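S.K.: Can you make the complete structure from the sequences, with help from the hints?
6 protein chains.
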Amino acid sequence: MNKFLHFVKSHIIAVSVLFIALSAAAFGGTGFLRAQSAAETTAGFSDNALLADYRRVEVASVSDALEQLTGRRMYMSHRMHPLFTTKFAGFARTVLLKKDEGNSDPAALNGMLEAIDQGSTDSVYVMVVEDGENIAGMGGLMGTAMAARGYAGAVIDGGVRDVAYLRKIGFPVYATGIVPSTSVHHYRFAGSQMPVTCDGVTVNAGDIVAADSDGVVVVPRSKAQEVLTLAQQMDFKEHSMYAVIEQTKSILEAVKKFGRL
Amino acid sequence: MNKFLHFVKSHIIAVSVLFIALSAAAFGGTGFLRAQSAAETTAGFSDNALLADYRRVEVASVSDALEQLTGRRMYMSHRMHPLFTTKFAGFARTVLLKKDEGNSDPAALNGMLEAIDQGSTDSVYVMVVEDGENIAGMGGLMGTAMAARGYAGAVIDGGVRDVAYLRKIGFPVYATGIVPSTSVHHYRFAGSQMPVTCDGVTVNAGDIVAADSDGVVVVPRSKAQEVLTLAQQMDFKEHSMYAVIEQTKSILEAVKKFGRL
Amino acid sequence: MNKFLHFVKSHIIAVSVLFIALSAAAFGGTGFLRAQSAAETTAGFSDNALLADYRRVEVASVSDALEQLTGRRMYMSHRMHPLFTTKFAGFARTVLLKKDEGNSDPAALNGMLEAIDQGSTDSVYVMVVEDGENIAGMGGLMGTAMAARGYAGAVIDGGVRDVAYLRKIGFPVYATGIVPSTSVHHYRFAGSQMPVTCDGVTVNAGDIVAADSDGVVVVPRSKAQEVLTLAQQMDFKEHSMYAVIEQTKSILEAVKKFGRL
Amino acid sequence: MNKFLHFVKSHIIAVSVLFIALSAAAFGGTGFLRAQSAAETTAGFSDNALLADYRRVEVASVSDALEQLTGRRMYMSHRMHPLFTTKFAGFARTVLLKKDEGNSDPAALNGMLEAIDQGSTDSVYVMVVEDGENIAGMGGLMGTAMAARGYAGAVIDGGVRDVAYLRKIGFPVYATGIVPSTSVHHYRFAGSQMPVTCDGVTVNAGDIVAADSDGVVVVPRSKAQEVLTLAQQMDFKEHSMYAVIEQTKSILEAVKKFGRL
Amino acid sequence: MNKFLHFVKSHIIAVSVLFIALSAAAFGGTGFLRAQSAAETTAGFSDNALLADYRRVEVASVSDALEQLTGRRMYMSHRMHPLFTTKFAGFARTVLLKKDEGNSDPAALNGMLEAIDQGSTDSVYVMVVEDGENIAGMGGLMGTAMAARGYAGAVIDGGVRDVAYLRKIGFPVYATGIVPSTSVHHYRFAGSQMPVTCDGVTVNAGDIVAADSDGVVVVPRSKAQEVLTLAQQMDFKEHSMYAVIEQTKSILEAVKKFGRL
Amino acid sequence: MNKFLHFVKSHIIAVSVLFIALSAAAFGGTGFLRAQSAAETTAGFSDNALLADYRRVEVASVSDALEQLTGRRMYMSHRMHPLFTTKFAGFARTVLLKKDEGNSDPAALNGMLEAIDQGSTDSVYVMVVEDGENIAGMGGLMGTAMAARGYAGAVIDGGVRDVAYLRKIGFPVYATGIVPSTSVHHYRFAGSQMPVTCDGVTVNAGDIVAADSDGVVVVPRSKAQEVLTLAQQMDFKEHSMYAVIEQTKSILEAVKKFGRL
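Chains as they are written, first to last, in this note's numbering: chain D, 1017 to 1277; chain F, 1017 to 1277; chain H, 1017 to 1277; chain Z, 1017 to 1277; chain P, 1017 to 1277; chain E, 1017 to 1277.
Hints are computed from structural coordinates only; laboratory data are not their basis. It should be emphasised that the depicted structure is a prediction, and the values quoted were computed from it without experimental measurement. Hints may be right or wrong, so weigh each one.
Any copy, or any two copies together, can satisfy a pair, since identical chains are not distinguished.
Derived lysine-lysine pairs resembling DSSO-like cross-links, with alpha carbons at most 30 angstroms apart [to be verified]:
id : residue 1 : residue 2
1  : 1253      : 1272
2  : 1253      : 1239
3  : 1115      : 1253
4  : 1184      : 1272
5  : 1114      : 1253
6  : 1272      : 1115
7  : 1272      : 1114
8  : 1253      : 1184
M.R.: Below, the structure written as structure tokens:
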């Protein structure tokens, strides 16, 4: 690299540092966060606005922000796959199914159906099917009901079926597998709107569930605004870094100056 | 929900019940099934007609029907993936490969090649590769032969390779993984047209193998007509329920009235 | 077809007729529509609920309902393509660009930018680029702003660029072509929130724009509830017919009995 | 290129020439074709076998063979697009719709429905919609009926709608556009099983219609066996040339030796 | 928007302005460009490096830079479609085919084959097929030869066939249509490495042809370094703007401050 | 099969045998390989030419050639998935990350960043993340740096995130899973350009890493030319066999005559 180019690059980095430093001062300081929290309390940020913002922030940034603020891993594993590329956020509506092999109780799953019928716009259906990798916890009928009620999506720790139909109506589902089977006669409803452990992550009713092409993350309701603000800053930094890395062709310099990977 | 709407919905449900009750009377009754079986015997439903119908019914319904009529799980697991979205049905042509690590017998797999060459239109190639997740049990050459002979598709409990070529010729394959390896020098032909256990499901030569975007199901030949009839009824019910759920936005009511999930 | 089967089919058709006739009585009558309109006025169906319902009804049914109620063609042509499979509905925010070849006015397009900044959740950006098939009327920057403001999507009678970025952020755009060019120095803002003729369809500010995999349709705001109700009935009929046609294998009988194609 | 490599390449080419020359002697000679035709007559090659072979030969080769044997262009234009990647062959079942704008005759399209109901396994529905680029000549209901009756696919000189549903059931359709509109009240049935001009190609009832990712070609029934045989030879030559070109990296030498492009 | 937020946003914008102003000073000034050109002459930037950089810059930015520096439209229209999503750059190797309907000259296209055989790594094949929308100017054999010789891709003002094979080998082609036909007996080679007008754009042998998901652009060789530098600056600005727009949710402010749309 | 057809087929097979036998004589003999190696030494085949050839040969053939020549399994398992269909080859640049849970060392991963910054055109980034299936070893920032430096691709024994961005810039990555998490604070750089065991395969710095739709294979640098030559012969044989199998419809005869499966 000739000297002139190096001179130019140094200046760019310097500008970047200044840029980010000022941004950090403006956005990242404790004072700002406190002020905003105050504003939030008085102004009453609605749930709608909160979800709208969660729909625009990256799941990876939400996961990082959660880890930084709470020290907890709140993302689902690589086993959780979407039926098609999607991006949604909503409030968790939880259901738990337990094995009850061979039962012939026609009402065994009624609690699940009631739980579905009680959800509405911005619900995300989160269901744990005990040992359910090869059992379709949901299919086209349940998906049609959720879509008709306005659910944002569904996350199943278990299988899914009728995937052609779910793709046809465009209802987004994450699940651990695709199988043609049924839970009827094999499972029993064990509760809804209770804490469940979905693919290793504790989900409480009303938690925010956000999903995009990187996976699924769960945000405790009480931390939602704080996590969002930090995640937005992380997105801003990361998106600013792309252009700088393209130009300098050095990730080391970029990370050093921006202070994050 | 206002009263009028509720009144309307009740009527719809009532009509649905009537509708389904009559359908059930017409289609589902023992008498009908017996009559149809009789008709089948005399009329001699051809294999072609049977497969044509299996190509149009959903694998999930076939799986449910099998379970209801036989109490057996006959579907393959979420490990079984298609190379591309497909839908086919045919008669199983089974092959078993056993490990014979390091063999240099050029004829070790000849039995497999012979088995392929004996199949024809409407065959589905079902091969079990012992511990074969990282061994390509089949590739482009075998797929070309099967396509040239008119096979409906292939189901491999093991890996597959040459997937770009298989997609190019549009030959549908389900397998448990994609790997660039070969079975040559590692495996030995251990029999064909014998019962095999493919991804946990017993497959006999001549069983019907049906596959769609929800997975793969195996139907014993002797049960094929009975299972088909029940699966068609299940499809009919399920497809009828979609419109009702969209309108009532309640899965609970729909399931109660239609009598199925 | 043997006699028994014919008997069964006749009964199914009869039941279908009864079913639909009663549905029609319940849903389709003038009295019902009037009652519902009254309910709407008093109950104050919100815009949110209206859009939520439009997001769940098929564009084809909306187009048919519009034609039946107003006698007008309100759908866009086959020239209008989505960047990816999508489904959305929102209120039109209209912009018109006129050719001004070679202008060097840096403010020539400012009105367009202002129009974008005034939109919000549930806006659909509708822009007509005069003779714009080979001019990218919008790209990644405009799409980022619309996504950040919560727009439902965009419909451009003209080209689009930065399609990889728009797919990355998942912002849905319909346009008549993909081109790498710019409107800067070639076009001038000619007004916003005015009636425009987009791909042959008149769009007024605030009209409902609904899009799915079949295309784009525009619903005058004053007709929105009426059209929605009829479109929902059409969806219900059509979705009910699928199961019946599968079973009877006759579209003629189905159409005769259900009274629609 | 060093001398040794050149020597090797020359030998490969020489072998190829020999190879192809012998193949041509075996397959391409007049004597062979005559012999085969005789065999066909006596052996009675069934329609099923003919279609099975057409499903395995490339549409491009069929088009070339047709042109060589008949001097006619029998392929459809680049305007004809599939809803999804597919490959099928079947016998044409033709329908013609003519404009009858604003008609309110409920029976205007009954002839079309009857024509659909008369088709069966291996039919390909070929419909011309006069000036129909922005009119959906077919949709989900008609596709469901065709699928239920076993049709191989459909080719519409006009639009198509309900494409999400058609993809869901996997029924392959070629059309000139996707639009949400209807032909009802705008068109009248003008005949079936008559010669139609579909996207510029004359199609007679019973002609073979073959489609793959390169498009659609129509083969007069009387030429079907002759065209097939030549197309298979063309496929064989072309597929043999791929490996040779990869190795020699010269298309000129390959074309000179194999005698075709 | 409350006052605090406004204060913060103002600062961010101010920083952005400073950031970009300095960048512009560093990169955009006449002095810098002149210095870099000098450096290029002495340092001898190789063709490889030039192409490597063109592979990483956006086609839309190249098109904008060309227009700004030369006042010419050098991008191809929306009629030009890729067979699959791709991104490449290389030096144009031009060929022209003219109609010669019904010729039976076996050497009519030999010049084209020779032209293909003379290309190598980093060639882009650019061929104009006179009135060729429904004629496949190239197919799998020509694509195999180009791939074997290392071509970056092909751009055909005309049709293409064997698209399944071209996708299988991953050779990127832009064309105006997919058709199963052939140019043999219909066209005659009319020259290579001469200026051609491809989809409205003049292409000279050795021009840089760059393609991505937004389309195809052609850069005269003499302008290549200058255009590249400006396009890289445009990319940098645009990519910097994404993060700012996400945060401020205003495209108007962003465009005013960054000085570009 | 009638006698005539059998006669024809026998001749084809005979020709094939002759064809292949001569090819083998020309290409496969020890003498030829030795001669070519000599040529290579003197002619000095560049790395560029080597990689260009590896980009055109099938990964499955490379894997088979490696196994035949070295007796070692050098392909990665079915756990390794690409973010999108791709094909690349380059020289391995290796990195190892070891668990260091909860570290707050801002320099813990600096070695990784330095390793990235030292790569260039034709590098393939190969990183092992200890127990890293649910940790994103790389994301958009690292991918942007690699793309800016010209890397051919990346192979991660661990997770990946920012997949929408990586798809947008078209940078090819193979990984064992998609997760939204980070390695920061959980891992520490443990070395680069050292031998690593990636998904069970030993990779040394500078080894050739080739990837296509069948997976990933690693070729020791010292064997690269020898393996390439054999893999090319395997490709040639396999590609020649496709046409023969299509015609004879027998894989057994083809395998017997060509001497390979």
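S.K.: Confirm or reject each hint.
M.R.: Against the structure, the hints:
1. 1253 <-> 1272: both (13 angstroms within a copy, 22 angstroms between copies)
2. 1253 <-> 1239: within (21 angstroms within a copy, 35 angstroms between copies)
3. 1115 <-> 1253: For residue 1115 and residue 1253, the Cα distance is within 30 angstroms only across copies (26 angstroms; inside one copy 46 angstroms).
4. 1184 <-> 1272: Intra 47 angstroms, inter 25 angstroms, cutoff 30 angstroms: inter-copy only.
5. 1114 <-> 1253: between (44 angstroms within a copy, 27 angstroms between copies)
6. 1272 <-> 1115: between (52 angstroms within a copy, 22 angstroms between copies)
7. 1272 <-> 1114: between (50 angstroms within a copy, 21 angstroms between copies)
8. 1253 <-> 1184: between (37 angstroms within a copy, 18 angstroms between copies)
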